[in-house]
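Trainee: Sequence:
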Amino acid sequence: MNPYFWILVPLAYLLGSVPMGILVSSAFGGVDPRRSGSGNIGATNVGRTSGKAAGVLTLIGDILKGAVPVFAAFALFPEPPFVAAVGLSAFIGHLWPVFLGFRGGKGVATALGVMIVIAPVSTLLSALVFLAAVVFKRYVSLGSMVAAAMLPV
1 MNPYFWILVP LAYLLGSVPM GILVSSAFGG VDPRRSGSGN IGATNVGRTS GKAAGVLTLI
61 GDILKGAVPV FAAFALFPEP PFVAAVGLSA FIGHLWPVFL GFRGGKGVAT ALGVMIVIAP
121 VSTLLSALVF LAAVVFKRYV SLGSMVAAAM LPV
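In our numbering, the protein residues as written are 1 to 153.
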């Protein structure tokens, strides 16, 4: 078994567990996103409750939580099962973060970070589907679902 597995998979989980929305909202002097708006710690709710800049920083942070460990996995041991395990671990960390009592976000941005590194062209095409859905229907959540559904296609 890959010796990096026992180091990088738990580290990816811990990185995925970092509640960017709460940290950014706090740094911007905003409200706790769990107690305001939709109650979600993601970029959309942080942007709504603490301002657009806070939302953008949360989005970037959540994307990086998925991208950084997967990029490290590719650099250390570029075997698909290992890279997938690291990406899944970061994603699970966002969904069930140890730092928030295992109650996290939806994982869309963190999954985006994972997929940007694993399949950049497919992810770009999926992002275009996301943008089209958001422009036409004005719902970020709908755009996220449609883009996720289209990614394997």
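Just so you know, not all the hints are guaranteed correct.
Calculated cross-link-like contacts (lysine to any residue; reagent style SDA-like; alpha-carbon spacing at most 25 Å) [what the hints assert, rightly or not]:
(1) Lys106 - Met145
(2) Lys106 - Leu76
(3) Lys52 - Leu131
Note that these hints are calculated values from the structure, not bench results.
Trainee: So which of those numbered hints doesn't the model satisfy?
Mentor: 2
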